[in-house]
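Number of protein chains: 2
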Amino acid sequence: MRVDVIVSPAFLEGGELEGSLCAVVDVLRATSTITTALTSGAAAVYPCLDVEEAKRGAAAFGRERSLLGGEERGQLIPGFDLGNSPLEYLDADVVDGKAIYFYTTNGTGAVRRAYAECDRSVYIAALINMSAVSSAIVGAASDGKAAGIVILCSGRYGKPSAEDTFCSGLMVRMAVNGLREFGIPPDLTDSAMVAAGFAEANEGKGLDILASSEHGRFLQSLGFTPDLDFASRLDSYNAVPVFNGERIVLLNGDS
Amino acid sequence: MRVDVIVSPAFLEGGELEGSLCAVVDVLRATSTITTALTSGAAAVYPCLDVEEAKRGAAAFGRERSLLGGEERGQLIPGFDLGNSPLEYLDADVVDGKAIYFYTTNGTGAVRRAYAECDRSVYIAALINMSAVSSAIVGAASDGKAAGIVILCSGRYGKPSAEDTFCSGLMVRMAVNGLREFGIPPDLTDSAMVAAGFAEANEGKGLDILASSEHGRFLQSLGFTPDLDFASRLDSYNAVPVFNGERIVLLNGDS
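In order, the protein sequence lines correspond to chains X and Z. Per numbering that gives the first Met the number 0, the very first residue in the first sequence carries number 0; after that it's consecutive. Per numbering that gives the first Met the number 0, the very first residue in the second sequence carries number 0; after that it's consecutive.
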């Protein structure tokens, strides 16, 4: 089975996600934050394409039962309740039971794009839940019917990002092992090979990768250094968020 | 000094090569073949944007002193003298003193594009000459005046390729060490970090990378398996080909 990594949505040509199992990665920070919010008890996260869509959605849903979250240029958006730091979504008193209308520069668009392209539920992955998502994908692939497994990195302004490539490389390595256990020979694309090699060379160095990456340095300059530590912790959560075309909810619960 | 890898010309936005020292990589096979041809005594290689440009150039230069070389879909082009296998360019009796008008699917366009973008001579690199080119670039960078070092991978049909990323990663590692020797702190982009990590994870496995890459598998299916072995040998040549906007010649001779 084909295992692919697409290093940025700018590399999507159309058609390559069709019939595939797809995970979207945005380690810094959208998919880390979505995973944290749902684990903390949020009812659902609605990934939005722009600020206005988020505002309209929250207003229609009812502002007392919703939160507006996300960022532009890394910062809180005027009129929004929360930014894009996963740490803001840790407090169950804040997020429990809430519908979160969420917009970020790279991540939420990638989630929507992936769903539009593959026309089935999309997995949401970050370092903090990468094993859970990888296992779920391999399980879904075990009947051998999917066209392949594709990990779509959100990247940064259309370019590849080190942290997303690192996470996708770890997931490729798990997928390879998992598929083999099911007797399905994995067939890696060049981008999947590169991501897996990068992850292998940096095993145990997740925080170093995040801290030295272009987006990590930008976030540190804004004062978000604790986010990097949080987002770099492998498998903090046994949570598998999935986007069904409308909203993101947990496939399983936190263990 | 900024050290960047651009994994495919499709990722060139314009402006990022300006004032930078730039090397173009197309391991399978254009830059391997260009390096081989010049080392075997070819007078110059003219990288062309299409078959017609190559034919016109060779006719104007004089067919008795020129050769038409290259490929479309991996194969010899009708009316051309040579294909794109570096092995065809090993024989001094064939290439000595000749001007080679050369067109390939990904590589020659990348060379031309790089020159147009950075507006200075462009280095031509492959695994077979990567140390020589890396040293030349670091030497040129040692006055600290260049905006950066950029390695442009030709990739495959606009997508990243494992073999070019591997070669560029080895060159990033040499550039990092070289710049430090000159007291210039290297500043790696995310793509440069990823390429360097991929190369580190696969040290000594060049032939494996080439053989399992998408383009390597395609070439094997066409019967070009010996090309992979040839193109995977690190530093066979101490040759630094440079493109001056018109033609590619050797900066130094083969040692």
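Think of the hints as simulated: they come from the structure by calculation, not from any bench. Treat the hints with caution; some may be incorrect.
Which copy? The list can't say, so a pair holds if one copy fits it or any two copies do.
Dumping the calculated DMTMM-like pairs for lysine to aspartate or glutamate here, alpha-carbon to alpha-carbon at most 20 Å [what the hints assert, rightly or not]:
1. Lys-54 with Glu-71
2. Lys-144 with Glu-202
3. Lys-144 with Asp-186
4. Lys-158 with Asp-118
5. Lys-144 with Asp-92
6. Lys-144 with Asp-118
7. Lys-54 with Glu-245
8. Lys-204 with Glu-63
9. Lys-54 with Glu-202
10. Lys-204 with Asp-186
11. Lys-158 with Asp-234
12. Lys-144 with Asp-207
13. Lys-158 with Glu-12
14. Lys-204 with Glu-17
15. Lys-158 with Glu-17
16. Lys-158 with Asp-90
17. Lys-204 with Glu-180
18. Lys-158 with Asp-186
19. Lys-204 with Glu-51
20. Lys-54 with Asp-80
21. Lys-204 with Glu-245
22. Lys-144 with Asp-90
23. Lys-204 with Glu-87
24. Lys-144 with Glu-12
Results for each hint:
no.	hint	result
1	Lys-54 with Glu-71	within (14 Å within a copy, 52 Å between copies)
2	Lys-144 with Glu-202	neither (32 Å within a copy, 36 Å between copies)
3	Lys-144 with Asp-186	within (15 Å within a copy, 44 Å between copies)
4	Lys-158 with Asp-118	neither (24 Å within a copy, 23 Å between copies)
5	Lys-144 with Asp-92	neither (42 Å within a copy, 55 Å between copies)
6	Lys-144 with Asp-118	within (15 Å within a copy, 50 Å between copies)
7	Lys-54 with Glu-245	within (16 Å within a copy, 56 Å between copies)
8	Lys-204 with Glu-63	neither (42 Å within a copy, 58 Å between copies)
9	Lys-54 with Glu-202	neither (41 Å within a copy, 51 Å between copies)
10	Lys-204 with Asp-186	between (27 Å within a copy, 18 Å between copies)
11	Lys-158 with Asp-234	neither (26 Å within a copy, 31 Å between copies)
12	Lys-144 with Asp-207	neither (38 Å within a copy, 29 Å between copies)
13	Lys-158 with Glu-12	both (15 Å within a copy, 10 Å between copies)
14	Lys-204 with Glu-17	neither (34 Å within a copy, 33 Å between copies)
15	Lys-158 with Glu-17	between (23 Å within a copy, 18 Å between copies)
16	Lys-158 with Asp-90	neither (33 Å within a copy, 42 Å between copies)
17	Lys-204 with Glu-180	neither (27 Å within a copy, 26 Å between copies)
18	Lys-158 with Asp-186	between (25 Å within a copy, 17 Å between copies)
19	Lys-204 with Glu-51	neither (38 Å within a copy, 51 Å between copies)
20	Lys-54 with Asp-80	within (11 Å within a copy, 64 Å between copies)
21	Lys-204 with Glu-245	neither (35 Å within a copy, 45 Å between copies)
22	Lys-144 with Asp-90	neither (40 Å within a copy, 50 Å between copies)
23	Lys-204 with Glu-87	neither (25 Å within a copy, 45 Å between copies)
24	Lys-144 with Glu-12	neither (23 Å within a copy, 38 Å between copies)
Hints 2, 4, 5, 8, 9, 11, 12, 14, 16, 17, 19, 21, 22, 23 and 24 from the list above are not met by this structure, while the remaining hints are.
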